[in-house]
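Undergrad: Please work from the sequences and hints to get the whole structure.
2 protein chains.
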Amino acid sequence: MELWYTEKQTENYGITAKIAKTLHKETSEFQEIDMIETLQWGRMLVLDGMVMTTIKDEFVYHEMISHIALHTHPNPKKVLVVGGGDGGAIREIIKHPSVEKAVLAEIDGRVIEVSKQYLPEIACALGDPRVDVQVIDGIKHIHENKNTYDVILVDSTEPVGPAVGLFARDFYQGIYEALKEDGIFVAQTESPFLNGDLIRRVYQDISTIYPIARLYTASIPTYPSGLWTFTLGSKKYDPLEVDEAQLKDFETKYYSPRIHKSVFQLPKFVENLLKG
Amino acid sequence: MELWYTEKQTENYGITAKIAKTLHKETSEFQEIDMIETLQWGRMLVLDGMVMTTIKDEFVYHEMISHIALHTHPNPKKVLVVGGGDGGAIREIIKHPSVEKAVLAEIDGRVIEVSKQYLPEIACALGDPRVDVQVIDGIKHIHENKNTYDVILVDSTEPVGPAVGLFARDFYQGIYEALKEDGIFVAQTESPFLNGDLIRRVYQDISTIYPIARLYTASIPTYPSGLWTFTLGSKKYDPLEVDEAQLKDFETKYYSPRIHKSVFQLPKFVENLLKG
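Just so you know, the sequences run in chain order A and B. Position 142 (the first sequence) corresponds to 142 in UniProt numbering; numbering is contiguous. Position 191 (the second sequence) corresponds to 191 in UniProt numbering; numbering is contiguous.
Just so you know, the hints here were simulated from the structure itself, not pulled from any lab data. Just so it is clear, CB atoms sit at the ideal spot from N, CA and C, and this is done for glycine as well. Misleading hints may appear alongside valid ones.
[To be verified] One side only, chain A facing chain B, incomplete, derived with CB under 7 Å: (1) 14; (2) 18; (3) 35; (4) 40; (5) 118; (6) 133; (7) 225; (8) 227; (9) 256; (10) 258; (11) 268.
TA: Set out below in structure tokens:
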């Protein structure tokens with residue numbers, strides 16, 4: 001018998017992957033959590049029926065949500081990840097020697113535990129002494145920690161269910177207040193082929209709050225359409241004014257200082273989304 | 001009843017699209033030709049079970065196979081497309097006012113006819129007076145036309161079946177001879193996530209034949225992994241030395257002079273493929 005997992009990424013389109021076995025299945029307080037072993041992409045974490053990450057392509061998302069902001073800030077010491085319970089963003093953050101403390105604010109502790117058990121390659125840094133794992137509502141955390149962080153990364157699920165509040169203007173304003181006076185934040189902001197309205201709205205919200213707003217892309221095979229966006233808001237430092245020659249080129253598979261600026265050069269239809 | 005078309009892009013992975021109806025189905029001398037109406041991507045041309053193009057995302061492939069080379073050559077007059085029976089590359093080529101003649105060498109005349117009937121938005125330029133449509137083996141055509149073309153585009157199907165010869169070193173050598181002394185060629189060369197060995201081999205072949213070899217990428221949702229590569233071989237002009245400010249920004253949806261150089265900035269794992 002062949003087992004295939006199909007994610008309907010939209011009502012009319014999806015991806016399908018042959019699976020070797022189901023490793024784990026539970027319903028937590030917040031969502032359905034599934035871990036499956038696929039033949040194409042290795043182990044795959046699925047939340048509420050949506051692919052969150054896979055062993056073989058996770059490097060793209062985790063490197064690209066992290067290193068652009070961390071290489072734009074000249075001296076990031078204190079970093080917050082909202083969501084990101086699999087630990088992939090944390091793993092990338094602590095590659096930066098300046099980082100003294102990385103806080104993970106994940107609302108669903110079961111995602112953290114399941115990731116530690118089944119995705120050790122991704123969750124491997126959660127026990128690092130610089131890392132503070134908190135099972136907490138990220139929105140509450142930012143409101144209780146004003147003027148605290150150099151960099152904040154919003155590593156959320158899709159804008160449905162528990163993550164809706166993570167795409168709201170109030171949340172971006174709260175992040176602004178939780179950042180220090182020269183802080184930077186990055187949020188994952190979905191596909192320009194499928195979520196153009198969301199991208200436009202979020203970009204406009206961030207543009208009204210932060211003096212510098214930028215959008216960049218990365219190619220993630222198991223995410224809807226394969227092209228993904230990240231939106232960056234910055235109080236002081238512009239990622240396009242970084243001196244690439246000064247950036248350290250440590251161990252990565254997707255990010256490199258050579259693409260630090262080029263990922264902001266957008267296909268014309270994506271540029272046009274941002275014009276509102 | 002819901003009908004879904006699933007393309008297994010690899011043995012273990014694929015895409016699936018809900019279809020409104022099947023518009024056409026035939027077996028030509030060379031391949032199976034299917035035209036279906038999908039709800040997500042509009043009309044979709046499928047050859048031997050592989051998605052070739054769709055109404056909603058075709059702009060990426062057709063603009064990106066064409067404009068990089070045509071904007072790198074300072075005065076392209078005579079252009080050849082090998083394959084490309086849907087006419088999309090031809091439509092883009094004749095946007096360049098310098099082009100006096102665009103030859104389409106498509107081996108399967110039925111692809112041309114089916115595209116004219118069901119994909120008029122894509123095939124619309126095949127009747128242009130500057131366009132010479134030839135139902136002919138592209139390999140034969142290049143051997144019979146030495147020192148003829150300014151730009152040659154290899155718009156092939158996947159490297160199986162009728163297109164195997166279009167990924168061979170001998171073919172790239174033949175193209176070299178069919179180009180004028182300052183000619184440029186571009187071939188579609190598959191996904192870096194799924195076809196790394198092919199990309200490495202083709203890039204090395206092209207590097208040994210052409211003084212300038214370059215690889216660039218574009219995001220195509222309905223192609224395997226969503227990230228696609230194109231390999232460029234040039235006798236004289238380097239796409240990275242073009243003055244972007246001098247390029248005309250005509251009507252496109254993906255290509256713009258602002259991304260002309262940035263698409264050559266590769267994710268690190270793709271850079272590493274090229275190191276051999």
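Undergrad: Next step is simple, just say for each hint if it's right about the structure.
TA: Against the structure, the hints come out as follows:
1. Taking 7 Å as the C-beta cut-off, the interface hint given for residue 14 (chain A) holds, the closest approach to chain B being about 5 Å.
2. The beta carbon of residue 18 (chain A) comes within 4 Å of a beta carbon in chain B, closer than 7 Å, and the hint placing it at the interface holds.
3. For residue 35 (chain A), the interface hint is violated, since its Cβ never comes within 7 Å of a Cβ in chain B; the closest pair sits about 17 Å apart.
4. For residue 40 (chain A), the suggested interface contact is upheld, since its CB lies about 4 Å from the closest CB of chain B, less than 7 Å.
5. With 7 Å as the threshold, the beta carbon of residue 118 (chain A) stays out of range of chain B, its nearest partner Cβ sitting at about 19 Å, so the hint is violated.
6. Interface hint status for residue 133 (chain A): violated, as the beta-carbon distance to the closest one in chain B is roughly 29 Å, over 7 Å.
7. The beta carbon of residue 225 (chain A) is positioned within 7 Å of a beta carbon in chain B (closest approach about 4 Å), and the interface hint is therefore held.
8. Checking residue 227 (chain A) against chain B: minimum C-beta separation of about 4 Å stays under 7 Å; hint holds.
9. The criterion of a C-beta within 7 Å of any C-beta in chain B is met by residue 256 (chain A), whose closest approach is roughly 5 Å, and the hint holds.
10. Look at residue 258 (chain A): its Cβ gets to within about 6 Å of chain B, closer than 7 Å, so that hint holds up.
11. Satisfaction of the interface hint for residue 268 (chain A) is found here, the shortest Cβ-Cβ separation to chain B being roughly 5 Å, below the 7 Å cut-off.
The structure fails to meet hints 3, 5 and 6 from the earlier list, while all remaining hints are met.
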